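S.K.: This is what each chain is made of:
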Amino acid sequence: MAPNVQPKMKAFETKSKPAEIRSSNIEAAKAVADAIRTSLGPRGMDKMIQSGKGDVTITNDGATILKQMKLVHPAAKMLVELSKAQDVEAGDGTTSVVVLAGSFLEAAQKLLEKGIHPTVISESFQKASVKAVEILEAMATPMKLEDRHSLLMSATTSLGSKVVSQHSALLAPLAVDAVLKVIDPLKDHDVDLRDIRVIEKLGGTVDDTELVEGLVLDQRSAGSGGPSRMEKAKIGLIQFCISPPKTDMDNQVVVSDYNAMDRVLREERAYILNVAKQVKKAGCNVLLVQKSILRDAVSELALHFFDKMKIMVVKDIEREDIEFITKTLNCRPIASLDHFLPEYMATADLVESVPTGTSKVVKITGIQNVGKTVSVIVRGSNKLVLEEAARSLHDALCVIRCLVKKRFIIAGGGAPETELAYQLTQYAQGLPGVEAYCLRAFAESLEVIPMTLAENAGLNPIATVTDLRNKHACGFKSSGINVRKGAITNMLDEGVAQPLLVTTSAITLASETVRSILKIDDIVNALY
Amino acid sequence: MFSSSLSLPGKRTTGNSVRTQNVLAASSIANIVKSSLGPVGLDKMLVDDVGDVTITNDGATILNLLEVQHPAAKVLVELAQLQDQEVGDGTTSVVIVAAELLKNADELVKQKIHPTSVISGYRLACKEAVKYIQDNLTLSVEELGKDCLINAAKTSMSSKIISADANFFAAMCVDAANAVRVTDNKGQAIYPIKAINVLKAHGKSARESLLITGYALNCSVASQAMVKKITNAKIACLDFSLQKTKMKMGVQVLVTDPEKLDAIRARESDITKERIQKILNAGANVILATGGIDDLCLKYFVEAGAMAVRRCKKADLKRIAKATGATLLSSMANLEGDESFEASSIGEAAEVSTERICDDELIIIKGTKARTAASIILRGPNDFYCDEMERSVHDALCVVKRVLESKTLVVGGGAVEVALSIYLESFATSLSSREQLAIAEFAHSLLVIPKTLAVNAAKDATDLVAKMRSYHHSSQSKPEHANLKWIGLDLMEGAVRDNRQAGVFEPAVSKIKSLKFATEAAITILRIDDMIKLDSEDKNTQSYQNAYQCGQLDD
Numbered sequence: 001m002a003p004n005v006q007p008k009m010k011a012f013e014t015k016s017k018p019a020e021i022r023s024s025n026i027e028a029a030k031a032v033a034d035a036i037r038t039s040l041g042p043r044g045m046d047k048m049i050q051s052g053k054g055d056v057t058i059t060n061d062g063a064t065i066l067k068q069m070k071l072v073h074p075a076a077k078m079l080v081e082l083s084k085a086q087d088v089e090a091g092d093g094t095t096s097v098v099v100l101a102g103s104f105l106e107a108a109q110k111l112l113e114k115g116i117h118p119t120v121i122s123e124s125f126q127k128a129s130v131k132a133v134e135i136l137e138a139m140a141t142p143m144k145l146e147d148r149h150s151l152l153m154s155a156t157t158s159l160g161s162k163v164v165s166q167h168s169a170l171l172a173p174l175a176v177d178a179v180l181k182v183i184d185p186l187k188d189h190d191v192d193l194r195d196i197r198v199i200e201k202l203g204g205t206v207d208d209t210e211l212v213e214g215l216v217l218d219q220r221s222a223g224s225g226g227p228s229r230m231e232k233a234k235i236g237l238i239q240f241c242i243s244p245p246k247t248d249m250d251n252q253v254v255v256s257d258y259n260a261m262d263r264v265l266r267e268e269r270a271y272i273l274n275v276a277k278q279v280k281k282a283g284c285n286v287l288l289v290q291k292s293i294l295r296d297a298v299s300e301l302a303l304h305f306f307d308k309m310k311i312m313v314v315k316d317i318e319r320e321d322i323e324f325i326t327k328t329l330n331c332r333p334i335a336s337l338d339h340f341l342p343e344y345m346a347t348a349d350l351v352e353s354v355p356t357g358t359s360k361v362v363k364i365t366g367i368q369n370v371g372k373t374v375s376v377i378v379r380g381s382n383k384l385v386l387e388e389a390a391r392s393l394h395d396a397l398c399v400i401r402c403l404v405k406k407r408f409i410i411a412g413g414g415a416p417e418t419e420l421a422y423q424l425t426q427y428a429q430g431l432p433g434v435e436a437y438c439l440r441a442f443a444e445s446l447e448v449i450p451m452t453l454a455e456n457a458g459l460n461p462i463a464t465v466t467d468l469r470n471k472h473a474c475g476f477k478s479s480g481i482n483v484r485k486g487a488i489t490n491m492l493d494e495g496v497a498q499p500l501l502v503t504t505s506a507i508t509l510a511s512e513t514v515r516s517i518l519k520i521d522d523i524v525n526a527l528y
Numbered sequence: 001m002f003s004s005s006l007s008l009p010g011k012r013t014t015g016n017s018v019r020t021q022n023v024l025a026a027s028s029i030a031n032i033v034k035s036s037l038g039p040v041g042l043d044k045m046l047v048d049d050v051g052d053v054t055i056t057n058d059g060a061t062i063l064n065l066l067e068v069q070h071p072a073a074k075v076l077v078e079l080a081q082l083q084d085q086e087v088g089d090g091t092t093s094v095v096i097v098a099a100e101l102l103k104n105a106d107e108l109v110k111q112k113i114h115p116t117s118v119i120s121g122y123r124l125a126c127k128e129a130v131k132y133i134q135d136n137l138t139l140s141v142e143e144l145g146k147d148c149l150i151n152a153a154k155t156s157m158s159s160k161i162i163s164a165d166a167n168f169f170a171a172m173c174v175d176a177a178n179a180v181r182v183t184d185n186k187g188q189a190i191y192p193i194k195a196i197n198v199l200k201a202h203g204k205s206a207r208e209s210l211l212i213t214g215y216a217l218n219c220s221v222a223s224q225a226m227v228k229k230i231t232n233a234k235i236a237c238l239d240f241s242l243q244k245t246k247m248k249m250g251v252q253v254l255v256t257d258p259e260k261l262d263a264i265r266a267r268e269s270d271i272t273k274e275r276i277q278k279i280l281n282a283g284a285n286v287i288l289a290t291g292g293i294d295d296l297c298l299k300y301f302v303e304a305g306a307m308a309v310r311r312c313k314k315a316d317l318k319r320i321a322k323a324t325g326a327t328l329l330s331s332m333a334n335l336e337g338d339e340s341f342e343a344s345s346i347g348e349a350a351e352v353s354t355e356r357i358c359d360d361e362l363i364i365i366k367g368t369k370a371r372t373a374a375s376i377i378l379r380g381p382n383d384f385y386c387d388e389m390e391r392s393v394h395d396a397l398c399v400v401k402r403v404l405e406s407k408t409l410v411v412g413g414g415a416v417e418v419a420l421s422i423y424l425e426s427f428a429t430s431l432s433s434r435e436q437l438a439i440a441e442f443a444h445s446l447l448v449i450p451k452t453l454a455v456n457a458a459k460d461a462t463d464l465v466a467k468m469r470s471y472h473h474s475s476q477s478k479p480e481h482a483n484l485k486w487i488g489l490d491l492m493e494g495a496v497r498d499n500r501q502a503g504v505f506e507p508a509v510s511k512i513k514s515l516k517f518a519t520e521a522a523i524t525i526l527r528i529d530d531m532i533k534l535d536s537e538d539k540n541t542q543s544y545q546n547a548y549q550c551g552q553l554d555d
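Residue numbers (our numbering), protein chains in the order written: chain A, 1 to 528; chain B, 1 to 555.
Treat the hints as calculated values from the structure; they're not laboratory data.
In silico PhoX-like cross-links for lysine-lysine, where the CA-CA straight-line distance does not exceed 25 Å: (1) B:127 - A:485; (2) B:11 - A:53; (3) A:110 - A:131; (4) B:533 - A:383.
Keep in mind that this is a model prediction, so the values were computed, not measured.
The shape of chain A in the complex, shown without the other chains (with noise of 0.2 Å):
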């Protein structure tokens, strides 16, 4: 283009070198990629982050840091994205996914210096990752879901990094306990996590986190006089509002004789009545009430109804909790008082109102016919405590989800990847070509994992990862970096474990990402 020329059209008018996009591309994603990296492992630290709005998180959780990051760079979006699929798919692993990612990237930049074409690269970067989850299953060992000491072990790894960690002890526990109640005997490949009722309350120490076996709800129970503990509870519950009913259309009644006022009043009382006394004739003792926006769920007068009734009223429950209560309980959302038989209902020994911190909740227990659910209650002294004990929770649950799912454990502490950048680079020293040398920076930045714990636990990082890699090629699979110790150890017998899934994925994830992003040659900025 000669210089005078002024660019015909203005949508290109940003368009860049390929090289050059490829290597901002690169450099965003690997920004990304560094400044969580302090946060791996069980020496990793927290972030802080003020949102706009002035909200605080404090967490550890690389999914949860990205997500509050707000990052605008496209490339780096495109970790975002990845550290959102590998919470999805494994649930934990969320920091490591990036961390290798942005190794990955590190070892591209290097190999396209040299000048090898980006998608030879790409290609062989697949090769590897095929080969590397080939290792890593021949290396893991299988287990049974029986083999609650495994599960225990792979619960605790997960927890071990986040800032509940001195409560492993305790939540480790639940959360394969947890996940153990709800596994289908018919479909024991998959677990649905909805099934675990996760409910955050302010005020005690995460020592107070409890597993309830039953329901609980987190709405206290409406109305000043009525019961709030009831043994050997009818529960029924309903989509329906027990108020004045009103047309769709506009309406209006129109009175002209004063015996008319009282005619409209008792007729409003009737009508209230009519559905109290149906509710108690079907032997119902605690009403269970869908929010409804359109009007009041239960009116005043309702409620003084039932709490003469004696019937115990929770009202305000949401729409997406009915199918959860309903699988809970084995009882059937019942639409419309026709339909309010007692077949519909359930049975539980007690419904009960209890305090937890400063507010209450209801809890159902003794359920007759107890679906596959379970309700945990995480408790925490600050909101932002809270919030992280309910993270690490879900990390916890989601990795026992992945043993279910794939009856495999691999040691932890850096031991699969180590053993991969070792069995990798013997592997590419059969192969011929640019093949080999692109496997082999592959194999390499696996090393990153160990790099980084060994960095984040103070401990020199070459001294050990060379130390490390001597272990591996001696034959000890399951040496890995011991933070406490400050030493190599064999993972497994530290009981340090995680489930094959987790590491699987995190490279299939981190090495497809890596791939599409090379490919990118081009960003073109359409001007609005």
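On the provided structure of chain A, position chain B as indicated by the hints.
M.R.: The following block gives chain B in isolation, referenced to the frame of chain A:
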């Protein structure tokens, strides 16, 4: 360098500088409240942007009103609030301890000790400290007798504005707490101090504050023509209004004949009149309603010689209903579809009377049937004084409640902190790991309490603390000197004394919880090594476009 390539719409700080910055913010918060600690601590006057003035000595109140911006400092503010909710007293000391823990931890980190080592050391130290308090430093209420309750309340009040009348108020608080005692369904006695109604009325001196064994209601009778005093009161509590009936939305009254207009108007008031008649026929002579009562309807009450009170607070009525055995009715509908008022929902009290205090009229319900109740009416020369009195009485009530429920006490005046510090120091030397240093620092940090106490009293802190340390050391090393573990500060004399004999007590729960909370808060802040502050969203959201144009993506 990478922070520039990490194109964030905001600021990011990492590494040690974040920690130092957070610690600094926390210390400055602690410095604000420091001078209000202890019996010789002074008050703060806070003026907000509207011009409202608060004068207080209570840590949680001071921090609440500060509107702190810094996120780390906010953690400390929340800490104070938490202590206020869970314990009710010791809000200042918990903030001071947390800030001191942070300051010392920062020093350790600067000496290249990894923060996680410091954290695990702190956790260990906290656990040991709590265990040591429970095993060695607690005193049971039985051992000390009833006076200890009053002494504990006095200790809590000693730092407050009412310290001169501490004897008077302490006795009042203990009586009030005992009056609201209830037994829960597990058979344990609990003291819901929220049920004690604390009313403020300025005028007269603090000494003329009074405790009423009954319920004082900050309302006046609806009509001046009503009787002022009713003995053998039958009380009805209504959660609805006795006003002319209004039709529901969507109901329209259409009158074609002007004659009928009057009939409808009459009916409107008759519906309410019938209700009132039903209530009165059931035998009620004191009617308390949360809603309004029409002036028109008042005459029925006046004629019947009953007392009617309108616009009472619902919370008040709930408590009155509990105390008198009444039921708070939200409607008069019965199960037959009609309206009726049952005599069983009426509560009883020996006497209901209106009294004039200051400019307000109060309704006082005495001799309630179902359980005893208590109300405190605070008097003071001005509103600020009354507000501060209310906070102090609240703190003291919390302390009394804790002591009554947990039945364990510790000695105040810095004795526990010094004893713990000596114990933890020797405990630290028994460990050979890196945690040793952190535990020693924890021990050192606890001394901030006696030091601040002494400094606030303008006494020689170094000298006093050294003396206390030597006493406590010998109490822990020589069995025959075990009694020296009650040695604490006497801030009036500037000397050390046996605080067990002097009657300076605090509830053990308060000490234990404040240690736990302070440690947890310190750990939360210590673990942070990265702070990202995003720009507020209402600015033009930064797109890739903008970032590109500003050259932020160039390397």
